[in-house]
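Participant: As given, the protein sequences belong to chains R and A, one line each in that order.
Sequential numbering from 10 applies to the first sequence in the numbering used here.
Sequential numbering from 139 applies to the second sequence in the numbering used here.
For the record, the hints were derived by calculation from the structure and aren't laboratory data.
Don't be surprised by glycine CBs; every beta carbon is placed ideally from N, CA and C.
Just so you know, not all the hints are guaranteed correct.
To be verified - Pulled a few chain A residues facing chain R out of the computed Cβ check, cut under 10 angstroms: (1) Leu217; (2) Met219; (3) Leu413; (4) Pro421; (5) Ile604; (6) Ile907.
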Amino acid sequence: MARPPRRAPPVFLERASYRARRRADAAAILPVIAGALWMMPLLWRPSTDGGLRSSTVLIVIFGIWILAILAALLLGRRLARDTDSSGGPGEDPGQGPG
Amino acid sequence: MLTFNILVLVSLGYVAFLFGVAFLAERQAQGGRSDWLRSPLVYTLSLSIYCTAWTFYGAVGNAARSGFEFLTIYLGPSLVMLGWWGLLRKMVRIGKVHRITSIADLVSSRYGKSALIGVVVTLIALAGVTPYIALQLQSITLSYAVFAGTAGEAWPGTDLRAVAFWSAVGLAFFTILFGTRNLDANERHHGVVMAIAVEAVVKFTALIAVGIFVVWGLGGGLGATLARIDAAEATLWDQSGGRWIGLTFVAAAAFVTLPRMFQVMVVENADERHLATAGWAFPAYVMGMSLFVVPIAVTGLDLMPAGANPDMFVLTVPLAADRPGLAMLAFLGGFSSATSMVIVASIALATMISNHILVPVWIAAMRPDQTERSDLRRLVLNLRRLSVAGVLALGYAYYSLAGGGAALAAMGLIAFLGVAQILPGMLGGLYWRGATAAGAAAGLVTGAAIWAWTLFLPSFGSGAIIPPEVLVEGPWGLEWLRPQALFGIVGLDPLMHALIWSIGLNTLVFVVVSLVTFPAPLERLQGAAFVNVFEVEAPGARAWTAATARVEAEDLLVLAQRILGPGPAQAVFQAAARAQGKAGFLPDVTPAFVGQLERELAGTVGAATAHAMMAQATKGATVTVADLMRVADETAQIMEARGALQAKTDELGRTARALQDANEKLTRLAVQKDEFLSQISHELRTPMTSIRSFSGLLQEPGLDPANQIRFAGIIEAEALRLTRLLDELLDLSVLENGQVVLAKATLPLRAIIDRAVTASAAEGSALRIHRNGADESVLVETDPDRLAQVFINLISNAIKYAQGSRPVLRIVVGTPGPGGLTLDFVDNGPGIPAADQDLVFEKFARLSPEGTEAGAGLGLAICREIMDRLGGAISYLPGQGGAAFRVTLPPDVLPAEGPR
């Protein structure tokens, strides 16, 4: 049972596929960036004169959270569309992202 | 006031409502209207079983005790979900392609469907999750106790235990009813998923409602609450970086390895694209869950009397503020968190226990003839129901033994770290083809042992399981084995200590053992299929050899019917037969079909058991190293064939180009031929016309004798011209037919050239010939007459074409060498246009169609034929400032004892 030879992936892509690849890159790097940002408050020490307030830390952490969610929202929609157009998984067609 | 009875009634009502939801969802799914049941929203909500009662109540308690540390429990999973593209997408795809039923199945399947690894992962999960279930039962009883406390009734402790007992029974009932209804992992648990989605909404609403009440009802708005946070006595932000990062890691690891998370995330996933929604929606959900935790904790610390349990602030703060309705909502939220977790966790654990422990043991214990008769389908379902009951009984037993103490409260993170031991083996299996079963098993056992020794067993308290002296001095006085100071590292936070040692050594052992062991063929096959899941299309077909053809399809059908049920099994066989182009229910038993059938069975009983069953049925026709090599060979052959094809294509291209050139040449030749025909007609006609007219004149009477002689002379000259033309044609045809006989002689080249110059009457013309006598003294052995004919032709051409005031012809004799001897005839005429250069040697070719004294165009063709006969060549030499011809004599014309 000879299979047709698998074609080697192309080295250079047209614009649309190129953008899709970069979106995938962005999706992969997003948790790294978010994780690094969430580590950032560790560098702040509570100063004795009350310079750093707990509420500031709290607001910063939640702010990063909201930004990460927005980034994932934008990326996720485009990525779902990318996989759709490339004839992605689609066992159950029907529901789009909603 | 809320009484115990009201509370029980509300709880029962809520439970009845959940039963209704689950029942309706199952009905909808059976009616084929499952689209909305399987939306990305429901998927995201079902993921929220991550937020258990431990996080619902415990996050506030944790915030009250340790500040913002509770956030790590939410940040870790948020990171995992934000990065869904890298890890979760791969897990879900593998889960679908390989019909994975549980986390144990995933790891076992990756490592060659190893039964041992399935058992190890199942045991680790059981050890981690049972206390966690006990924790949920405790939270339910504690929340009852809170209401009892405020109601002022002294509920005896036995009642609380009864609450836990009846909760466990109720949960077992619900789980068995909706969780073990069907067997195939593809027919998912619609009812359960819908119920936990509803519970997700309830707990979210409850926590947000309490939060809003605390901030705007009690706290006096956002600004005031923030001020209160800053003024809190406890330092909320005083994190050691290690613990913050470590806890985030543990939470992230547990998020992907917890059996219940795997169940909802991978097994219950209906569409890979739902991950794109969950990727942002789940982080948003947990952010909402943690938004009001700090305000509630700070408010509770302010309002409640010292010594109040901060774990219950979510309930006690509304109660203290006399908001029984809100407290009831919060109670239902906590109840939802606990129940949804217990339901899914027990389904996931029961699947693992039945598929990886009970069913294999049962099959091994039965005699072969018995297994062929028994109904495995019902057996597996019953074993799974038994497992659900067993898991809950274990949870209840654990609660009864260890309940109420601080030991249980710390259980959450301990359980997280326990299941996190699966992470190295799993990640390695997903991304590293070199990971082996031996490495994974060694890593798992090492990690689990260190986790149990350093964290799990000590968590029961000093002296409970590990004697106090062992904690202090180490076992057998070996200080470096002290549970909380392995290798003499003291002063570390116990959790971090256990985390570093267990995960670190787990990974190290896993990698090192993988590097030094050699995987079995099936392992390598599965490894490639898992790591390259996005590139490889149909796995499994390669796992069986052609030896399967010995097996009767009917035997396989009998086996499949016992596991899948008669209807689905027959459908699978019929579809396979149709795909092979056969009618009926029995396809040919090909390796591909056996692989497909195994995958179908794996969806029910797990990969390891399915593989063992198929191996038994096919009498061990499983893959060998030789088969793997053959696969590689096939690939190599295909590559080779492709290379050969490419070479042929190139050759064809070259041939086509040559043909095209030939065609162009032929076309030009045809044109030349037409031109020649008209020319030769003209050539023949001109002398014929003169002969006719002068012979007519001769016949006229009264012609004077002088004119008679003149006319006869003209007639003779014209006849000679005709004869010469015909001679040339004849000569050419003789040469072409190879009928010429060479008369060879040895003489100096000069003699031949002299003859040619004389014969061509060059001396009488305006042409001046430059020669170099010394070079011409070379002796040649050839046919001098024929060679002279060539030279005559070339000199005549020069006389004809080298026009201008001073026509010059240079005859250059080259140095004799191994390539022979060359003679160049270069004139200063107009030369030959590049387009005609390859045509001049053709018959009928004429150098200048409009030339004044054009010949018949045979001269050069004759020259070429002669040179061919002599073993040499004649070619046009471009770029010499005029027409230039090179005559090449072969080396054998030079006598060995030549003068040079």
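Participant: Determine for every hint whether it applies to the structure shown.
Facilitator: Results of checking the hints against the structure:
no.	hint	in the structure
1	Leu217	holds, 4 angstroms
2	Met219	holds, 8 angstroms
3	Leu413	holds, 8 angstroms
4	Pro421	holds, 5 angstroms
5	Ile604	violated, 33 angstroms
6	Ile907	violated, 64 angstroms
Consistency note: the structure conflicts with the earlier hints numbered 5 and 6.
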